[in-house]
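Given the structure of chain A, go ahead and fit chain B onto it with the hints provided.
Chains A and B, in that order, are what the protein sequence lines are.
So for the first sequence, the working numbering puts the first residue at 1; every next one is plus one.
So for the second sequence, the working numbering puts the first residue at 1135; every next one is plus one.
Because the hints were derived from the structure by calculation, they are not lab data.
Treat the hints loosely; a few may be bogus.
Only some residues are given here: those of chain B computed to face chain A with a beta carbon under 10 Å [stated by the list, open to error]:
{"no.": "1", "residue": "Val1203"}
{"no.": "2", "residue": "Ser1207"}
{"no.": "3", "residue": "Val1212"}
{"no.": "4", "residue": "Trp1213"}
{"no.": "5", "residue": "Ile1282"}
{"no.": "6", "residue": "Gln1300"}
{"no.": "7", "residue": "Leu1306"}
{"no.": "8", "residue": "Gln1344"}
{"no.": "9", "residue": "Asp1389"}
{"no.": "10", "residue": "Leu1553"}
Model, not experiment: these values are computed from the prediction.
We treat Cβ as the ideally placed atom computed from N, Cα and C, and that holds for glycine.
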Amino acid sequence: MKTIPPPCPEPESGQKYWRSMDQLADTPEFRQWLEREFPAGASEFTDPVSRRHFVKIMSASFLLGGLGTLGTGCRRPEEKILPFGKAPEGYIHGVPQFFATAMPTRGGAVPLLVKSHENRPTKIEGNPEHPDSNGSTDAFTQASILGLYDPDRAQRYTQAGHTISKEKALDALTAIGSSINAAKGARTAFVLEESSSPSRHRLLTALQFKFPQAKWAVYEPVDLNVNRRITGGAPYIKLDQASVILSLDCDFAGSEADTYRLIRGYAKGRKTEKATDKMNRLYSVEGLFTLTGISADHRLRVPTSQVVAVAAAIAAKLAPQNMQITSLAARLPLPAGVDAKWIEECANDLKANAGASVIMAGHRQPAAVHVIANLLNAALGNNGKTVFFSEIPQTTVNSDLPSIARDLASGLIDTLVILGGNPALTAPADLKWADAQAKAKTVIRVGQYEDETFAASPATTLSVPQNHYLESWGDARTSDGTLVPVQPLLAPLFDGLTELDVLAVLGELEVKKSYDIVRETFRAFAGAGNVEETWKTFLHDGFLAGSAPKGNDAPLGGDVVVKAFSTINPAVPTKDSLEVVFHRDLKVDDGRGSNNGWLQEFPDPITKVVWDNVVLISRKTSEELVVKNGDVVEIELGGNKIRGPIWVQPGFADNSLGLALGYGRQTTKAGGAGRIAHNVGLYNAYALRTSTGLNFAVGAKLTKTGETHVVACTQEHGSMEGRPIVREANKDQYEKAPTFAKNFDLESPNHTGHIAKEMVGLPPVERPAGIYEHPYTGYEKRGGQAGVTVKTILVSQQHQWGMSIDLSSCVGCGSCVLACQSENNVPIVGKDQVIRNREMHWLRIDRYYSGAAMKMASHLIDDPQAIFQPMLCQHCENAPCESVCPVNATVHDEEGLNVMAYNRCVGTRYCSNNCPYKVRRFNFFDYNKRSLDQLKGPYYGSPLTTSKDGEWNLLRWWKNPDAGTRPDDEWDLLKLLKNPDVSVRMRGVMEKCTFCVQRIEQAKIGQKVKAGMSGDVQLKEKDGTVPKVACQQACPAEAIVFGNLLDPNSRVSQLKKNDRDYDVLGFLDTRPRLTYLARIRNPNPKMPDYASIETPKTLQEYMKTQGSPFETHGHAGNESHGAPAAHAEKKGAH
Amino acid sequence: MADSFSKELPVIPSVPKELEREPLVLNKRPIGWISDQISGVAEGKTPKWWWALFIPSVAITGVCFAMIVYLMSTGVGVWGLQIPVAWAWDITNFVFWIGIGHAGTLISAILFLLRQKWRTSINRAAEAMTIFAVMCAGIFPLIHIGRIWLGWWLLPLPNSNSIWPQFRSPLLWDVFAVSTYFTVSLLFWYMGLIPDLAVMRDRAKSKIRQIAYGIFSLGWTGSNRHWSNYEKAYLLLAGLSTPLVLSVHSIVSFDFAVSQLPGWHTTIFPPYFVAGAVFSGFGMVLTLMLPMRKVCHLEEIITVRHIELMGKVILATGSIVGYAYGMEFFIAWYSGNPYEKFVFMQNRAADPFILGPLWGVEPAPYWWAYWTMVSCNVICPQLFWFKKVRTNMWIVFVISIFVNIGMWFERFVIIVTSLHRDYMPSNWAYYSPTWVDIWQFVGTFGLFMTLFLLFMRFLPTIAIGEVKGVTPQADPHHPMGGAKGGHH
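Bound conformation, chain A alone (with noise of 0.2 Å):
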């Protein structure tokens, strides 16, 4: 019989302390709380944000953020301390903080600049002060916020599937770490993330000296970094610098690495301040329909695969004295439909910018296309110019991941380390990754989440909780290689690990936190001089000035060359060998995202679908195979099969389907996707994906199911029906009638519209008095005759409030969308609402396709022009909502702005119905405080009928009416995430755009503590008082300004003088106070497809109907009056 032997003795007083976890863990009680399989206090173990927890934390933090603007970097050994007894210096509650770090990427980071409320994170902005930055971010980083207070994100240390406590983990951790020491790697592998940072390559050389036998692994399901692997630097292309830009494939304004500052470049080459200005050009050469596609002058359409011929053939132009691409061009013939002369045009274009042009290649092309686009840049002499290569110091790696999984499948491998990413979803098919991970006999997995690669191998997994950018520290490069820091913003939530603090503990390395190794990097960059100030001003302006290493050419070695351009496989897609392009999806990215409600609900940038994926097939392709929007289809490629919903997509290359990743997800007991991302889209594209075809591969055959599939989409209609709202033209027109965006517009003359009497030189009419004198009107007279009394009761002379859009900048990447959700505590609806039209985007970004009108419905055009505009509420001077509200929610304020007052509003939506613009959102449930759960028709939940915990829901609203029927942590940790400067809108409420309307009454506090006695309450652009508004801070393009107007220096006010601003439906005479400046597209008159586009399409569409803008014509000439453009100018002047 075994003896249980007898307890420790304890000490009969004083403190209890274990010996080691272990005797803790051998309590009876501990063990049969652990053996319960879902324990009723499982919330004991997940559920770290109580309010005594966030205390907790939030304290920590405190100590950690508060020791002012320049220490921040300076962290105290870690102590947990209740609320302060002593204000930290500096820190004034209520106001934010702003902190510099930045978001890591694949190979690269965002300088990023975080404010901070009450230390705890709440909105990403761009770090304007770096050099490479103009504050502005992409749409994932916008959306990165929300991946910090995700309630699914992994919260707990396990091993073998059992909960342990960080203590335990890191004493596993470091055994593990001796027995690869002692066996000097062998036998282990480690998959690793593409990063930037030089903290980490300094631990993987130090790991990989120690450890010589390991293998070492870098693997990224969406590779951007391709070129640098091939020839090994990385171009890094001044957009900004380039007249003629050819892209091929290359989506530098959509899915390819740092789009935020490859879209600014691009747009400021497109800005025009006159007719006159110069404009730069892009050709693009895709299958997809991308926004770079959206925005080139040209755009020729051939498959993905195809790409390389064309590329090969405007090669073969370019450098007709290089025998390889000539050869190479000789053997690929030019994909069907594809004109001679559009290449030979193209050619000569940019032989003619030799210096300034620049050929792109995307992501998604093999090596033969990169080693093109490097060879003609160098070719035309671009290097240098437009093109810039860096010598970034590269962790180099000594295998792969098909071959670790090999290893692991015949059982090579007994230690497997995966430090982030997700390689059981993203791995590729053929691999088998999941049985592969299963065989290994220890994992470590650092993640963020419990997900696939979690549940692949639970009982051998050590997993430990990865920290978000936000709560850790480290640093990065910038693509051009500037060290920047990543700071953190608050201590774990969930006391995670970086991935530093995991190699440093496998290495057994001296120095194991990583804000220690950081700094130790950090001081072979700080180079001579006092170290620790440079460490200071390092974190507080957030990069490194001068760290960048210096330049070079592309190494291209022939070797290159012929290995690349061998390997091109000529194979053409036919309508039964389908191409299928696995692309990186522009909202959950390569699935990273997909637990993100924000990036799920935000509507694609092109197909407008959100809360799905979709199977891209051009018009004619889909007529082919007689398969129409929503058709289920099954898709076989290679023995592998998919099932997902067709979708047509104007633009897109026959024969050829787009798969986004990073969808099909599920959620098991296990682990997996997270609540969000479960069962979001129907196909996993990964499951069709090989290592031979990572980015496309040829002979995918389709077959129809006869099921359908509802995909929700924001925009039903893809027609602009001729109406003038985006107004385009071409650069030659623009010169030849530089106001013609004012001669747009048609039936109500006395308004806007048409050219306006004063600029052919007649006198000005006035407009019609009105019935009702609007306060406004006042402040009109003002401007247009002198000595008239106004009532100024309601006119601010300091500040009226305007934005402007350049609709020629805009590439509607949607970064603008996504910071604005941030900004201004937007909640998500899920798919069954997006369905029902009420999604909630205060700013959308509307897609218009040139083509037939009414007809586009059902006969999308193949080779479409398509435009963007972002819309907004435009804050109408004579705003029809104001006049319709029963009860006065909606009224305007002095300074120009329509504001709602929340409190107000009883929800009778006639506002909505009046508004021209549609931009009013209305809260149709109680959207911040159901969860997605709860937001599917037909039936939703009652509190009447429903119950959480056990608890009725009356019930419980009546105790505590604040808290929703939302999961408690769910409820918990998003409710850190909310803005305190903005209202969190309850249902039954309309809401709409208000300008940051918090960023101007902050921005206004500020200026009259500053002004004191002297009364100088004025906000002055050039005094950089004037605050930013989120979307106009995000936006890379710098498309939308927002300023005062009363200043006539402001950008906003020069704006509206500039020939190209127009009001959108001026005619209603709303007046709206945000207005656009038309697009100007830049074709060149030389190329074959210029007949068709000679004018813009949509413009075409417009003059069928409307006559020709670029001529006075009809009433217009004799009637009209009050241009916007006078309009504004006498804004702009009072």
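Here is chain B on its own, set in the frame of chain A:
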């Protein structure tokens, strides 16, 4: 002398048979019979048909309130509303019921002022219908708002914050117009009831009935003074109600006309809405009266002539409505406003068979709604040109149902088709109702029927005193005149 005198008397030629007006009460029934017949409905044993109608009606009323509770507790999202279609069945139903509420006051006020004696047989029931319809109508604006519990903010109540409603908003005008209309209609109806309530009181056998009718008949004795005051007050109220008939629906139409939405922003709306309201009101009166006269055996009081006359009103107003539809098209074309033209042609009329292909446009998403409306409202009533149709009670009943359907669709077409595709094509969307929308609407029929059945059961459905007044027998010199025919 006597002879010569009598010779001098002019001979009054008797009216030829074919020109003789049909009497308003048939079969020369004595006055007492009228009292018996009308009061009998409310006095006898509760008939089986009444229970058969009443029980389901109450059940459906229950559904109505269940839907309201669900809506209030959950959110307006339980309806199919969305952006851009932020009003749909809710306001459609509101306007529909308000429109029905027009016939009663028109019959009781305008026809009274115009000395149309035939109104007496139908005015009581029509007024009751008006009141119940306005009650049903009133539900919708109240519950359609997002925060129902704050609906009272639309009332101009003095408060410490000095926040007033916004008097420029047509929704506020609605509040005043509808509440005024309801109040005046109720007063008018009640006042007309007083003499008849006294009849009921006098005839009542049970104590409870005596007390109840006694209280509500306000001590009516039928004295000359009472009658004289009554007539004066009735005339005054009729005068007061007459402008209301025109104002209510004009103001309801302002909800649309004052906006700037193509399809709503139309100056023809006020008269067009009033005509439509009268049209739909008479449609509903017929729908109710035809079965009522049958089951309550009132064919001799609500005669075929009454039905025919109502058919003529429907024909006239239906034609006005048809004219308005045509005029909307003309103006849309004549104004040259492409947005207007789009609404009428491409949002409404373009069907997939004739007009769509003819104009070369895609069929309008709601073409079926538009053409349902036109068929029911414009084409159907044209059958009333034929006397055979007007006098065939079955056909009249069917047409009256069509009129009801058509007028519901008219409001649906105006509201939904205009909203679902307006200025910015980017936010166009298709609207579909949810089960809550449908049951909410059905539920109001339950409420309406419940109230109407209660009215039939407990109150005289026809103005006894007034009907008697228009019979020849009411003339004391008539052979059957005075009280000779029996007690009353």
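| request: Go through the numbered hints given earlier and state which of them the structure violates, listing their numbers in rising order. | output: 8
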